[in-house]
Every structure is written in C-alpha cells, then in structure tokens.
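Since the structure of chain A is already known, use the hints to place chain B on it.
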Amino acid sequence: MLMDTKKLILLRLYLTTFGRFPFFSKFLKKILIKTQIKNKKEDRYVASSRYFDIHDLEENDK
Amino acid sequence: MLKMSIEIYKEIALSQVPRCLGLGDRNPDSKTYGCFDRYYWHYKLIDFPNARFQEVALLLALLYKHEFPENIYFGKKKVFEWIRAAIQFWAKIQNGDGSFNEAYPFERGFCCTAFSTYAITETLLLLDKKWELGAVKKAGEWLLKNNNLEVSNQMASAALALYNVYLLTSDEKFLKGYKEKVSLLLKNQSPDGFYLEYDGYDIGYDSITLGILSRLHKKTKDKKLLDSMRQCLKFLESKIKDNGSFDYSKTSRKTQFLYPFGFAYLKSPILNKIEKGLIKNEILNPKWFDDRYVIQITTDYLETYLEMKNVDGY
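First to last, the protein sequences are chains A and B.
Once you know that position 1 of the first sequence is 1 in my numbering, the rest is easy, because the numbers rise by one and skip nothing.
Once you know that position 74 of the second sequence is 136 in my numbering, the rest is easy, because the numbers rise by one and skip nothing.
Same shape as in the complex, but just chain A (with noise of 0.2 Å):
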C-alpha cells in the first residue's frame, strides 16, 4: 500500500488532533505493527531492509 496525498493528509489530521494523546497514538502504532509486520508473511515493512545486495546481479542475469 503506498501513500498518496489523501492518505498522508488523514494521517497528520489524525495525528495533529487525537495523536496528541498517547492512547491514540498507541492504539495507531498497534494498527501498524499488525497490518506492516505481524499479519504479513511476505513483504513486512523493516525500514532497515531491502538495500542493494551484490546477488541481485547475479538474480538479474537468470
């Protein structure tokens, strides 16, 4: 699921308004985790992932 500018402007309504009480933002942080990470098998959003790897030349050749 990729942003888009609807999107990102409901998320800083939300987080500009009830994100300013740590109970909203817990239970948005809880949504994420689940939907990115938890319910994912494949595709999980890690932001430290997905760098280049010298394989994908090799895989690039096949």
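It is worth saying that the hints were derived from the structure and are not from the lab.
Every residue gets a Cβ at the ideal spot worked out from N, C-alpha and C, and that includes glycine.
Treat the hints with care, since some could be wrong.
[As the list claims (entries may be wrong)] In the SDA-like style, the derived pairs of lysine to any residue whose C-alpha atoms are separated by at most 20 Å in a straight line are: (1) A:LYS6 <-> B:PHE110; (2) A:LYS29 <-> B:TYR310; (3) B:LYS316 <-> A:THR5; (4) A:LYS41 <-> B:TYR310; (5) B:LYS329 <-> B:ASP304; (6) A:LYS29 <-> B:PHE110; (7) B:LYS303 <-> A:GLU58; (8) A:LYS38 <-> B:LYS312; (9) A:LYS6 <-> B:ALA165; (10) A:LYS26 <-> B:ILE134; (11) B:LYS106 <-> A:THR5; (12) A:LYS29 <-> B:ASP261; (13) A:LYS30 <-> A:PHE18; (14) A:LYS26 <-> B:ALA165; (15) B:LYS316 <-> A:SER48; (16) B:LYS280 <-> B:SER232; (17) B:LYS349 <-> A:ARG50.
[Said to hold, decoys possible] If you anchor each label on the Cβ, the simulated ranges turn out as follows: (18) A:LYS38 <-> B:LYS285: 40 to 46 Å; (19) A:LEU10 <-> B:ASP159: 23 to 29 Å; (20) A:ILE31 <-> B:ASP261: 14 to 20 Å; (21) A:LEU2 <-> B:PHE130: 43 to 49 Å; (22) B:ASN89 <-> A:ASP43: 40 to 46 Å.
The following block gives chain B in isolation, referenced to the frame of chain A:
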C-alpha cells in the same frame, strides 16, 4: 591476522563523516541549529524532525575525544560546538511525556527514544558533561514505563540508555529499570541462542543487540550478559559465510547488515569474515546505506576500530 585489516573500519567510518556533518544545520543563527535531519531543516520535505539523526552527537564525540591517525576532527572546537547543538536540539524536540518521534509526529517511538537516549547519554559521559539533564531524566522515566518485548534490539538499547541515565543522575530507579529491561530481554532469548525479533531470529538485528550488550558488559562486567552473548554468538557463527554475507531470505526482518562492534568485543572470527567482504566491497556497509541509518552504522564501525586498536581512553 585479525588486526591486519582492522584499518578498513576506520577508513569506511571516516569516509562517511563529512556526509553525516552535511546532514546537520551548522549555522548558529538558525532556528534549527543542531538539527541533523536535512530532510526537515533544509529540504523542508517533512513536517517534523526525526530524532534519530541527533545520534550523530555520539559519532562526533568519539572523533572529538579520541586521537588516531587521519582523524582531523580530534579536539576541534567546532566539532565540540556541533555536538552541544545536536544535544540541545534533541532536547528541544522531545515530546511532553519524555519520548521522541522517528516516523511521524507524536509517534512516541520506543525505538527512537531508546536509541537516541543511549547515544546522547553516552556522549555526555564521554565528554563528562551534564547538558540537558532534565530531558535525559524525562526520557529515562518514559523508558522505565514502556517496553517493546517482541523487539530485542530495542529492549537492549533501552537497558543501556537507562544504565547511562543512572550513571549521569545516580538515581537508583534507573539502575533498577536497567536490571528489569535486561531480565526481560534475557527471558526472550531462544534456547538456540538468538534474541527474538518478532517471531524469530534476524541476523542483522542480533548483531545490533550483541553490540549493545557488549557495551553494557564493558560497563557492568555482568557475567549473565557475557554468557548470554556467547550463546548468541555461537548461533550467529553458524550462519555467517566466509565473506560476512548470510542468507536473510528466511529471517524475521530480512535485514542484510552486520554491525561489527559486538564481534570485535567478543573477539569473534566473524569480524575477520566481515573484513574480507568489506575489502572486496561485497557486503552491505555504511557507504551503501541511505541517510536515515548511516549515522548509527558509521558509529559502530568507528567503535569497532577503537576497540580493536585499543585507542587510548576508549
């Protein structure tokens, strides 16, 4: 053999320092002086600064404090000022409850609060300063009340941050909090030796955890930590290939990096393997990283060099 090519860690770390400095606002007259999130203060592409960029303070402090060949930053007044500015900006962007943001406004991120508090407190200890102690205490108090049990590297970092807050404040509650975090972390160690990252092992994050626990062991000499680290090391040694690469296709978080400091501290042959991969430029290293994570891994490379070279005062 192990020490022959250790220079490569220094060379790679030093090659990234100008890049890291370029991320920062170094104009003392600017409102964002000391902010190292270039996407915020310079490009203005985002609406909040990511506090993890402030971890640059530790990288700069290591350079400012330790004299070694080719370190042009040693003892430079400007570097000292940038460190102070980075710490002041860190305190300025703290949330009211003591936490910090990394991914979005009002995030109150455990990861960001743990790692940035560790980096800032380590810097203060290194320079023997007590700047922004109010913010440090608030961050420590927030860490006392929060956990992220499924992510071991973050728990380890919180433990180290709390230990440092204790050293800076002498407040026993932070020492107690450190012990609790370590105990929770060790409970989450698998019988196979790895530290849990969500539902399994992740070699890259385990290397971070190992590095953090090594720094903790260096300070506390806690034997429990050492035994635990050795178990993890045994697990990792079975997974890492001769050039420092490894199969990350089945790991829980698919990270491709290795942070070398823990391997240096424990005198593991893995360090030698990483060096081989680095010399051939075959494995992920700070030069291949994006801006968001380059500061942390560059710092780890520099500390690996300082540890192995036994540089004075480190």
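Structure-based check of all given hints:
1. A:LYS6 <-> B:PHE110: 19 Å, holds
2. A:LYS29 <-> B:TYR310: Not OK: A:LYS29 and B:TYR310 at ~26 Å, beyond 20 Å, violated.
3. B:LYS316 <-> A:THR5: Given that 20 Å is the threshold and the Cα spacing comes to 29 Å, the pair is violated.
4. A:LYS41 <-> B:TYR310: Answer holds: A:LYS41 to B:TYR310 is near 14 Å, not above 20 Å.
5. B:LYS329 <-> B:ASP304: The given pair, whose Cα atoms are some 16 Å apart, holds under the 20 Å limit.
6. A:LYS29 <-> B:PHE110: 17 Å, holds
7. B:LYS303 <-> A:GLU58: It holds: about 18 Å lies between the C-alpha atoms, which stays within 20 Å.
8. A:LYS38 <-> B:LYS312: 15 Å, holds
9. A:LYS6 <-> B:ALA165: At roughly 18 Å apart (the allowed maximum being 20 Å), B:ALA165 and A:LYS6 satisfy the hint.
10. A:LYS26 <-> B:ILE134: 44 Å, violated
11. B:LYS106 <-> A:THR5: At roughly 17 Å apart (the allowed maximum being 20 Å), A:THR5 and B:LYS106 satisfy the hint.
12. A:LYS29 <-> B:ASP261: Answer holds: A:LYS29 to B:ASP261 is near 18 Å, not above 20 Å.
13. A:LYS30 <-> A:PHE18: It holds: about 15 Å lies between the C-alpha atoms, which stays within 20 Å.
14. A:LYS26 <-> B:ALA165: It holds: about 13 Å lies between the C-alpha atoms, which stays within 20 Å.
15. B:LYS316 <-> A:SER48: It holds: about 9 Å lies between the C-alpha atoms, which stays within 20 Å.
16. B:LYS280 <-> B:SER232: 19 Å, holds
17. B:LYS349 <-> A:ARG50: Holds, because 15 Å separates the two Cα atoms, which is no more than 20 Å.
18. A:LYS38 <-> B:LYS285: 40 to 46 Å: For A:LYS38 and B:LYS285 the Cβ distance comes to about 35 Å; the hint is violated.
19. A:LEU10 <-> B:ASP159: 23 to 29 Å: Distance hint for A:LEU10, B:ASP159 holds at roughly 24 Å.
20. A:ILE31 <-> B:ASP261: 14 to 20 Å: 18 Å, holds
21. A:LEU2 <-> B:PHE130: 43 to 49 Å: 45 Å, holds
22. B:ASN89 <-> A:ASP43: 40 to 46 Å: 41 Å, holds
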